[in-house]
Amino acid sequence: MDAKPIAKVVDRAHGAIDPAEGIAAVSDPGFGGIDVFIGKVRDVNVGRVVTGITYDLFEPLVLNEIQRLAAEVEAAFGPRLKLYVAHARGRLGIGDVAVVVAAGSPHRDEAFRACRQLIEAVKHQCPIWKQEHYEDGDSAWSEGCSLCHADSTPAHGHDHEHGH
Amino acid sequence: MKQVTLQLFGAFSDLDERREITLEVSGATVADLRQALRELLPVRWPGFRAGLLDYSAFADQQRVLRDHDMLPEDGRVAILPPVSGG
Chain W
1 MDAKPIAKVV DRAHGAIDPA EGIAAVSDPG FGGIDVFIGK VRDVNVGRVV
51 TGITYDLFEP LVLNEIQRLA AEVEAAFGPR LKLYVAHARG RLGIGDVAVV
101 VAAGSPHRDE AFRACRQLIE AVKHQCPIWK QEHYEDGDSA WSEGCSLCHA
151 DSTPAHGHDH EHGH
Chain X
1 MKQVTLQLFG AFSDLDERRE ITLEVSGATV ADLRQALREL LPVRWPGFRA
51 GLLDYSAFAD QQRVLRDHDM LPEDGRVAIL PPVSGG
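Quick mapping for you: the protein sequence lines, in order, are chains W and X.
End of the first sequence = 164 in our numbering, gap-free, step of one.
End of the second sequence = 86 in our numbering, gap-free, step of one.
Same shape as in the complex, but just chain W (with noise of 0.2 Å):
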């Protein structure tokens, strides 16, 4: 392993994710391939207009997730990797930015796939939750992935589509 991944929340009061931020973190003169997942909020979620969306985290634990989960990409992708994930918290609004996953690598294959399989592991894994807010005033928490039996397995104890 080249560096050990970087991982970081972002409270929205206090700023913006900045996807060139990833770039630069998992950057290296050896390496030829750069992978960036960039997860957006949209306007809309099961047939409701969504206006905004609130991200809630236990944040020692994310952190120490991401970690866990990143160290499992190394062993599957690595050694020559750096990995990047960024998560916000706080009221977001259509557009803004909620999570950046980049993995740099010699080579686009790994770059690809350990991007992939992060963004994976941290949206169904790491204690984040999403609360959304519609136009019509309502909110509702998001159904998600139980972390009942997840171990170190991914987590799909859940029982919904896979839309997400």
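With a Cα cut of at most 20 Å, we get these calculated SDA-like pairs of lysine to any residue: (1) W:Lys8 / X:Arg63; (2) X:Lys2 / X:Gly27; (3) W:Lys40 / W:Thr51; (4) W:Lys40 / W:Ile94; (5) W:Lys8 / X:Gly86; (6) W:Lys4 / W:Glu21; (7) W:Lys40 / X:Gly86; (8) W:Lys4 / X:Gln62; (9) W:Lys8 / X:Gln61; (10) W:Lys4 / W:Glu59; (11) W:Lys8 / X:Gln62; (12) W:Lys4 / W:Arg80; (13) W:Lys4 / W:Pro60; (14) W:Lys4 / W:Gln117; (15) W:Lys8 / W:Ile23.
Keep in mind that the hints were calculated from the coordinates and are not lab data.
Following the hints, position chain X against chain W.
Same frame as chain W, but now just chain X:
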């Protein structure tokens, strides 16, 4: 009896604006805490979807706890409903 301070996240944060509740648990394991909540939720928050408890995990500050794990010494536990990050 052990006193637990339960940090509330996601849908559970709607239960209390301080985002934590304290409760007495008759036992020392996470399973005992789950049982205490199973009894408490319908009484204290009858409008809450108590079934969410069955899909929720518990954690200390470092890791997710399993039902057979001992409750942490300091009594601080987080309840983690199904997650939906990204």
